[in-house]
Amino acid sequence: MKVFWQNNMALLVVLLVVAAAGFGFQRHLDPYYYKILVDVGIAIILVVSLNLINGITGQFSLGHAGFMAVGAYASAALSVLAAGPWLNGLALGGAQKMVVEFVALGVIVIVGGVAAALAGFVVGMPALRLRGDYLAIATLGFGEIIRIVFQNTEQLGGARGISIPPPRSDFTGVYVCAVLCVAFIWRLVHSVKGKSFFAIREDEFAAATVGIDTTKYKVIAFVLGSFFAGVAGALFAHSATGYITPAQFDAVKSIELVVMVVLGGLGSISGSIIAAAALTLLPEILRGFAEYRLVVYSLLLVLVMLTRPQGLMGMKEIKLPWHRQPYQHKPVA
Amino acid sequence: MESFLQQILQGLKLGGIYALIALGYTMVYGVLRLINFAHGDVFMLGAMLSIYFARWTGFGNQPSWLGLGATLLFAMAVCGAIGGVIERVAYRPLRNAPRLSLLIAAIGVSLLIENVGQLRQVFGPTPQPFPALIQTKTVAQWGSLTVSNVEILVLLVALGLMAGLHVFVHHTRFGLAMRAVAHDHQTAGLMGIPAGKVIFGTFVLGSALAGAAGVLWGLSYPVINPMTGFVPGIKAFVAAVLGGVGSIPGALLGGFLIGEAESLTAFYLSSTYKDAIAFVILILVLLARPTGLLGRKEVEKV
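Keeping their order, the protein sequence lines are chains A and B.
For the first sequence, the tail end lands on 333 under the numbering used here, and the numbers increase by one without skipping.
For the second sequence, the tail end lands on 635 under the numbering used here, and the numbers increase by one without skipping.
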């Protein structure tokens, strides 16, 4: 038990701070900034989870938005069919309502994540036999197929989209998920077994030679990445707008996420967080030049590849001061 | 029966265009092992710039064979130049970088073309009508099955260009050099083949074919916007993979198969699923026969 507290104290403190901040922000922050903060949180979950697949394990997925869509629609179905009416029927108020809605959101988010993880497993098992650009194009294909299927499912609103009842994913909900996601992935890849992910990325044959079950680890990375994409999708579906359409999860969204991972640095978790925050804030700052947003994105992508192909952070991490220095991974030239 | 044949004809026309685009993918993949994501956008530029060319010269107002020929040549020349510039600026500096960096740069170039094109000062986001360069006429009719001159023209131009490419690749010195570089980039260099120039030439050639495909697309589906290139580009890549990436006859076969599959799906299932069918085929092919129908089996070296 003592060990548990030693290891998780910092995490618990961060979660409490997030909860407190969420409480304060909801009352005192301008709704516009509040919404941007929530968007940043969702982007962090998406980018860090995609980094697990693309950066840390070295597989190139271009279908992350598809798994986000699975999470979003699974959670939407749950909310529309069961959770929404049930919450309405309870007719709670005040603090009781807050707690119940928070728990309901937790369940919904987990359902979204599990649905996406299942989809990730079904897609990943066959697709991960492919390498490099073939995998990229196959995952792009899967992402598009998932989107087109939702577009043709009239029960879920079809191309028009579907409106989702509360609970709403507020700052606290989103950032609790984001912190847990980052902590989980960080600890996973810095654990002893987690070295295997880096090993596969550096040289798949060599990794297999030293006895790493490469298929297993690739599938694990893919399923976990999809799980968190589903969590982000569920949070996105239940955000303040409460409305989703299949077009929001198209290939362009997947590519945008890849851009963020690449800019942050393939393999750097802190880089992903910075890139997710920066590239979500950038269009808001450039609001007057909204139409130039994507031009700037794409130009950045090309320029970064030409001048600093390893991304802004490369493989490096920014570490919290109290964090033990983990094994330093040195990429082989 | 006639409606079935009509769909087959539609599929042939569509497939001819896909095959032309797929050739560019397959040639570039052959010499550089790169999925040139920007290829679909070069195709879009071919269609888009032709609109401006036809407007500027007045060919758009008076349908004529001369106008069509001139526009086709213009599109091929301009797209060839654009392809060359892209290779020089974005891909050449990364020749020795990891292949993933090259792929990401290609995605970046693709996004850049699409988004610059959508700026109001450039093409704007609204679709633009493609001028009628020739008068659409029905040239043959059996019952309800009609064959228009556009369909014949698209097929003839596509097949003609492919035949030309075949001759070029198999009966010229540059074609020989291309095949050598595709076979083994480094050894070709040791044999005195200027691999850099060959790669540049391959880009120019592939992009010129994409430009021609753009004009043919405009004749068949006369509404063009800056995003037009994305979906046909991906489908043409699927066609290249289906036929076997790196194989020129494979691109031809793949293009026609994808065109037929799409046209028949749209007719017999639902037009909303027509964009999904290419991906379903892609995934089945990749899982069952990753080297494609006509591709060579590659042994992975450690």
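Quick caveat, the hints were computed from the structure, so don't treat them as lab data.
Wrong hints could be hidden among the right ones.
Claimed, not checked - Here's a subset of chain B near chain A, in silico, CB distances under 7 Å, partners left out:
1) PRO426
2) GLY441
3) LEU444
4) GLN474
5) LEU478
6) VAL480
7) THR605
8) ALA609
9) ILE616
10) LEU617
11) LEU619
12) ALA621
13) THR624
14) LEU626
15) LEU627
16) GLY628
To be verified - Between beta-carbon pairs, the in silico distance windows are:
17) B/TYR601 / A/GLN155: 18 to 26 Å
18) A/THR214 / B/LYS530: 35 to 43 Å
19) B/TYR554 / A/ALA95: 53 to 61 Å
20) B/TYR554 / A/PHE205: 51 to 59 Å
21) A/LEU286 / B/ARG425: 25 to 33 Å
22) A/ALA278 / B/HIS504: 33 to 41 Å
23) A/PHE102 / B/ARG428: 50 to 58 Å
24) B/ALA621 / A/THR241: 14 to 22 Å
Given the structure is predicted, the values throughout are model-derived calculations rather than measurements.
In this text, a Cβ means the ideal position worked out from N, Cα and C, and glycines have one as well.
Cross-check of the supplied hints:
1. PRO426: Holds - the Cβ of B/PRO426 comes within 7 Å of chain A, reaching about 6 Å at its closest.
2. GLY441: holds, 3 Å
3. LEU444: holds, 3 Å
4. GLN474: Violated, because the Cβ-Cβ distance from B/GLN474 to chain A comes to roughly 35 Å (cut-off 7 Å).
5. LEU478: Given a least distance of 30 Å, the restraint on B/LEU478 is violated.
6. VAL480: It is violated, given that the least Cβ distance between B/VAL480 and chain A is near 31 Å, above 7 Å.
7. THR605: holds, 5 Å
8. ALA609: holds, 4 Å
9. ILE616: holds, 6 Å
10. LEU617: Hint violated; B/LEU617 Cβ to chain A Cβ min 10 Å, cut 7 Å.
11. LEU619: holds, 5 Å
12. ALA621: The hint is violated - B/ALA621 has no Cβ within 7 Å of chain A, the shortest such distance being about 10 Å.
13. THR624: Where the cut-off is 7 Å and the nearest Cβ of chain A is about 10 Å from B/THR624, the hint is violated.
14. LEU626: Given a least distance of 15 Å, the restraint on B/LEU626 is violated.
15. LEU627: It is violated, given that the least Cβ distance between B/LEU627 and chain A is near 17 Å, above 7 Å.
16. GLY628: violated, 12 Å
17. B/TYR601 / A/GLN155: 18 to 26 Å: holds, 23 Å
18. A/THR214 / B/LYS530: 35 to 43 Å: holds, 39 Å
19. B/TYR554 / A/ALA95: 53 to 61 Å: holds, 59 Å
20. B/TYR554 / A/PHE205: 51 to 59 Å: violated, 46 Å
21. A/LEU286 / B/ARG425: 25 to 33 Å: holds, 31 Å
22. A/ALA278 / B/HIS504: 33 to 41 Å: Once the Cβ atoms are compared, 54 Å apart, the range 33 to 41 Å for B/HIS504 and A/ALA278 is violated.
23. A/PHE102 / B/ARG428: 50 to 58 Å: Hint holds: Cβ distance 54 Å, inside 50 to 58 Å.
24. B/ALA621 / A/THR241: 14 to 22 Å: violated, 42 Å
In this structure, the earlier hints numbered 4, 5, 6, 10, 12, 13, 14, 15, 16, 20, 22, 24 are contradicted, and the remaining ones agree with it.
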